[in-house]
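Protein chains: 2
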Amino acid sequence: MRVVRTPAEVRAELAGAERPLGLVPTMGALHAGHLALIRRARAENATVVASVFVNPLQFGPNEDFERYPRAFDSDVTQLRDAGVDLVYAPDVATMYPPGFTTAVDPGSVGERYEGALRPGHFRGVATVCTKLFATVRPERAYFGAKDAQQVAVLQRVVSDLDIGVELVVLPTVREPDGLALSSRNAYLDPGERAAAPALHRALDAIADAVRSGERDAQRAVARGRVELRPPLREAYLDVVDPRTFAPEAQIGAPALAIGSAWLGTTRLIDNEPIEARA
Amino acid sequence: MRVVRTPAEVRAELAGAERPLGLVPTMGALHAGHLALIRRARAENATVVASVFVNPLQFGPNEDFERYPRAFDSDVTQLRDAGVDLVYAPDVATMYPPGFTTAVDPGSVGERYEGALRPGHFRGVATVCTKLFATVRPERAYFGAKDAQQVAVLQRVVSDLDIGVELVVLPTVREPDGLALSSRNAYLDPGERAAAPALHRALDAIADAVRSGERDAQRAVARGRVELRPPLREAYLDVVDPRTFAPEAQIGAPALAIGSAWLGTTRLIDNEPIEARA
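From first to last, the protein sequence lines stand for chains A and B. Residues 166 to 443 in this note's numbering are what the first sequence lists, from first letter to last. Residues 166 to 443 in this note's numbering are what the second sequence lists, from first letter to last.
Next comes chain A alone, as it looks inside the complex (with noise of 0.2 Å):
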């Protein structure tokens, strides 16, 4: 496994490579939803590129950037170990040079939600994976559903762009009490990592109420708050279309419970796909 710094070795590197190739983007500090990706991406690829990077144009001015964690001998390690064919791992002078102003904007489905408790958050996701895209080239992306305005947005750029790249959607890998895997969950202190499985539960709360016939979503909503309680402090609970992450009033398929809530000063956010029968 080779580990490179610019676009220009990776497609040095790649020139020729076997196809169909595969890509997992990651900001390191890997954990066991990442190594899921990697095992499929393994699994259905003859090549398969891991990038890390800790993109700053995703963070806001008072956000995490400093201290998201960082852990790459370890991450390189566990990546060979899985596999893995080529990191692309870029410095930020790299990605982003004196002069760098272009940005990818991919409209309202990055506006709501994440979008407008992080401004420009979005953007920044859009634009450093359509630089991924564009320099690795791959038959085939994996993201974790964990992530799924991400997913959104990115589906929508993809193809907007015709980039003509697959994304591929993993479930979100949960710890034993359902706390879905994070890097940021590092930062939870003991009792706020007791408490924060209650996120997940609010979400299957609402999963739960549509499965027993609630079809209006304010009201599923509003079972699923009942678990939110202290020191859990919601920032956002609601149902959406998974697609554009428009709110939906009344629960049709498909559709999506996504929440988000702080502990202290860290912000955790998850979601559960809710099937409406008939």
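Just so you know, these hints were derived from the structure itself, not from any lab. Where hints are given, some of them may not hold.
Simulated restraints on C-beta separations [to be verified]:
id : chain 1 : residue 1 : chain 2 : residue 2 : range
1  : A       : Pro336    : B       : Trp427    : 56 to 66 Å
2  : B       : Ala180    : A       : Met166    : 25 to 35 Å
3  : B       : Phe265    : A       : Glu183    : 46 to 56 Å
4  : A       : Thr171    : B       : Pro355    : 49 to 59 Å
5  : B       : Glu209    : A       : Thr171    : 39 to 49 Å
6  : A       : Pro185    : B       : Pro221    : 26 to 36 Å
7  : B       : Ala387    : A       : Arg184    : 51 to 61 Å
8  : A       : Gly181    : B       : Ala173    : 18 to 28 Å
9  : B       : Pro284    : A       : Phe230    : 26 to 36 Å
10 : A       : Pro355    : B       : Ala180    : 50 to 60 Å
Note that the structure is a prediction, hence the values are computed from the model and not measured. Note that the Cβ used here is the ideal one computed from N, Cα and C, for glycine as well.
Based on these hints, arrange chain B on the given structure of chain A.
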């Protein structure tokens, strides 16, 4: 030569195509300037693709999208005669289907001059070219120097998004009296056509002033402005850095004289490189 209408057809036609591959993006209504691009692409590449698409995203609501010259059958004949291998001529609904929301925003390079007179124009140019580059994946793409700010925008976007295409820029092709070839010249009535070369004379006068030692941009521009007499009405006349399209107060190298003038309801653009000798 094949004519295809969708990204999937382009990919199928180009699978296994001999490399390098050159792309000539056009809006049709081909003139000798386009054919010079095609000839160069044919000379430098094993495979040549031309696109023909009048891009509504780069026209403002009160601009000439509807009446822009269209001559598809004649264009196809000329492209075939020039040795093009594949023509990509998508319709608007293929490029911008319902739900399309993504935009590529080039930033400051596209904000002044044409960008100020045509809000959204360079987002439209950047978006459609990013799509064409993603679909065709050329090693080289060919553009005319007449649209100098478009070239600066696309150099910025290609570099920023790691698109990995070399932009080849060919000199403006002119009528014997100096008028730059443009599909929009067809809009001019005989009196306007007779007056039109004054725009190029104005830019030449700026370049002459600099060759004669003038380094103050506004004094050089004033030397050009005297050429812009009625019926021409100045839209802008300036000296810029050709990479950033920032105005220059003191003329350094590189520098570009740029100008635009109205003739009736038609607005012409042109530019002239400036050689500032030390």
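TODO: Hint by hint, work out which the structure violates, then give me just those numbers in ascending order.
DONE: Going through the list in order, the structure violates hints 3, 5 and respects the others.
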